[in-house]
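J.: Starting from the structure of chain A, add chain B where the hints point.
Line order of the protein sequences matches chains A and B.
Note that the first sequence covers residues 1 to 320 in the UniProt record's numbering.
Note that the second sequence covers residues 1 to 320 in the UniProt record's numbering.
Worth flagging that the hints you see were computed from the coordinates, not collected in a lab.
Wrong hints could be hidden among the right ones.
It does not matter which identical chain is used: a pair holds within one copy or between any two.
Only pairs whose alpha carbons sit at most 20 Å apart, straight line, appear in this in silico SDA-like list of lysine to any residue [said to hold, decoys possible]:
#1 Lys123 to Val256
#2 Lys235 to Glu9
#3 Lys235 to Ile7
#4 Lys235 to Gly10
#5 Lys140 to Asp183
This is what each chain is made of:
2 protein chains.
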Amino acid sequence: MAVYTDITEGDLGAFLRNYSIGELLSYKGIAEGTENSNFLLHTSTGPFILTLYEKRVEEADLPFFLGLMDHLAARGISCPLPVHRHDGGTIGTLAGRPAAIITFLEGMWPRRPTVVHCREVGKVLAAMHLAGADFAMTRKNALAVEGWQELWAASRERADEVAAGLTQEVDADFALLEKEWPDHLPKGIIHADLFPDNVFFLGSELSGLIDFYFACNDLLAYDLATCLNAWCFEKDMSFNITKGAALLSGYQSVRVLSDAEKAALPVLARGSALRFMLTRLYDWLHGPDGDLVVKRDPAEYIRKLRFHRSISSVQEYGLS
Amino acid sequence: MAVYTDITEGDLGAFLRNYSIGELLSYKGIAEGTENSNFLLHTSTGPFILTLYEKRVEEADLPFFLGLMDHLAARGISCPLPVHRHDGGTIGTLAGRPAAIITFLEGMWPRRPTVVHCREVGKVLAAMHLAGADFAMTRKNALAVEGWQELWAASRERADEVAAGLTQEVDADFALLEKEWPDHLPKGIIHADLFPDNVFFLGSELSGLIDFYFACNDLLAYDLATCLNAWCFEKDMSFNITKGAALLSGYQSVRVLSDAEKAALPVLARGSALRFMLTRLYDWLHGPDGDLVVKRDPAEYIRKLRFHRSISSVQEYGLS
Chain A
1 MAVYTDITEG DLGAFLRNYS IGELLSYKGI AEGTENSNFL LHTSTGPFIL TLYEKRVEEA
61 DLPFFLGLMD HLAARGISCP LPVHRHDGGT IGTLAGRPAA IITFLEGMWP RRPTVVHCRE
121 VGKVLAAMHL AGADFAMTRK NALAVEGWQE LWAASRERAD EVAAGLTQEV DADFALLEKE
181 WPDHLPKGII HADLFPDNVF FLGSELSGLI DFYFACNDLL AYDLATCLNA WCFEKDMSFN
241 ITKGAALLSG YQSVRVLSDA EKAALPVLAR GSALRFMLTR LYDWLHGPDG DLVVKRDPAE
301 YIRKLRFHRS ISSVQEYGLS
Chain B
1 MAVYTDITEG DLGAFLRNYS IGELLSYKGI AEGTENSNFL LHTSTGPFIL TLYEKRVEEA
61 DLPFFLGLMD HLAARGISCP LPVHRHDGGT IGTLAGRPAA IITFLEGMWP RRPTVVHCRE
121 VGKVLAAMHL AGADFAMTRK NALAVEGWQE LWAASRERAD EVAAGLTQEV DADFALLEKE
181 WPDHLPKGII HADLFPDNVF FLGSELSGLI DFYFACNDLL AYDLATCLNA WCFEKDMSFN
241 ITKGAALLSG YQSVRVLSDA EKAALPVLAR GSALRFMLTR LYDWLHGPDG DLVVKRDPAE
301 YIRKLRFHRS ISSVQEYGLS
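Pulled out of the complex, with its shape left as it was, chain A reads as follows (with noise of 0.2 Å):
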């Protein structure tokens, strides 16, 4: 929840004389996303959101993101259009910070995900793994092991302020990830983030994904476990195996996952849900106190952690 830079109609007046979106109506910042300063317009032609990329996006990371959106809405998964400048690029300068006009997308993000959800979810991650086969550029994954472990330095001298004994079972966790990481699983371009907060529906049909801005080159099944983590969990942070099922099988629905795959997930979960905790613990140990970002509690993601290392079968996700 976000905005953090304001910008004046002048300026905002002249970037948009470098596209064909009609005459400028009214923006409104609005508090969605975490890493950049988004931007309801309307214009004479409809609405549009406005991103400014903040310090925590890489611009050289840009054509690549844009890139995405454009090749995967190309192949028929439902996510907002880079509008192209007169100049045919995607990406612009405005009050100082690398940003970019997409197509607003209607639909809401549940805010109580059900099983449906959970299945829908479960087709249009597979679909999206699917569309992203051809797609020619590739980013790495800032965010895997290594990228962990440097989190986990930073942090680990007071990760059990936090919660006793963390230090302790995150130690345990990279050793066994270090050693069990399926690196050898198919590969290919992931979301990475698909959060709840990043999926809209209508109703209960799905109407599209945005925010990819953690998407790379990983392992296909790593989102799903993402996934899993996401959406499968209640408020009191148990496990529910109906969504979970309902994630599962709408995945494979559309790709059928390999029996390798199958039994990695629980390793797969465990690192992910790792993943999630250290940033949020990173961000909670060394946020600025005031900070618009509302930072979000290592809690909910150290109980996951601890689910995941309890599991002995692969049956407990529902998969059947």
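T.: For chain B alone, kept in the frame of chain A given last:
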């Protein structure tokens, strides 16, 4: 800038069944308004603003605020219109808070007001004063002199921490204002918070006024003095007499000020600057750290107060 309360699509859907505004397509928390939670809704019939009233707004005052918008709009003042529910009312409950839907006003507030903007604001302020004359409801100004005294009592002890000598300066202001406050001047409905972020323009045309949640019955010329403070100072806190002249002549092109109102402008401007200095000082000293409300530095209004104390004639405001 704030969204205090998030809402689920289920709760919002149920709330919207009280209205005939079509199918909900999306809603986004917007970074406008410091007192309430505001959402921009898209429905199949167009855009709307949904406001959840947070603790600073008294529920008992809502019929006045919403009734005033209806009244002013019917008299040609462009402002949002409260959308009426099937039961005829304009106020419901959502997420445990009073909530209303108003029409969406296109336009942008000027981050850098020009002389043209100042003239237009003067005109619309006077037109609003005339249009409010036959509004049947009344509301006392909660932030009139007695309200200021309460704020000061709660901040006085620590005022010198914020600016050396402030305690003595403000005590002297109160002594003067209690003696010279021109309570006999014409009264009526005032906006009481007509800052640039509450006035929308499309190019140089004023497209409407928003945020009537400080509106009340008080001295009309006090409202004008608030605009002098809000619109006619430069970023370096110098008073721009050309902007002052434009605001005042714009106002007088619609409603002529009496000689007594003109003569009272310095004391009214001093009182208004004191009012905004005091609310900012109070929030500065008492607001919780890390609150989503962005604290505004009282220093801006301390400097404006000093300017008004130095005024030797109303010509210094640009009054011709």
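J.: Taking the hints in turn, state whether each one holds.
T.: Hint-by-hint comparison with the structure:
1. Proximity of Lys123 to Val256 under the C-alpha cut-off of 20 Å is restricted to the intra-copy arrangement: shortest distance 11 Å within a copy versus 68 Å between copies.
2. Taking CA atoms no more than 20 Å apart as the test, Lys235 paired with Glu9 passes between copies only; the shortest distance there is 17 Å, against 42 Å inside one copy.
3. Within a single copy, Lys235 and Ile7 get their C-alpha atoms only as close as 37 Å, which misses the 20 Å cut-off; across copies the closest is 16 Å, which meets it.
4. In the homo-oligomer, the alpha carbons of Lys235 and Gly10 lie at most 20 Å apart only across protomers (17 Å), although the nearest pairing inside one protomer, at 45 Å, exceeds that limit.
5. Taking the shortest Cα distances, Lys140 and Asp183 sit within 20 Å of each other inside one copy (14 Å), while across copies they are farther apart (70 Å).
Violated hints are absent here; each numbered hint is respected by the structure.
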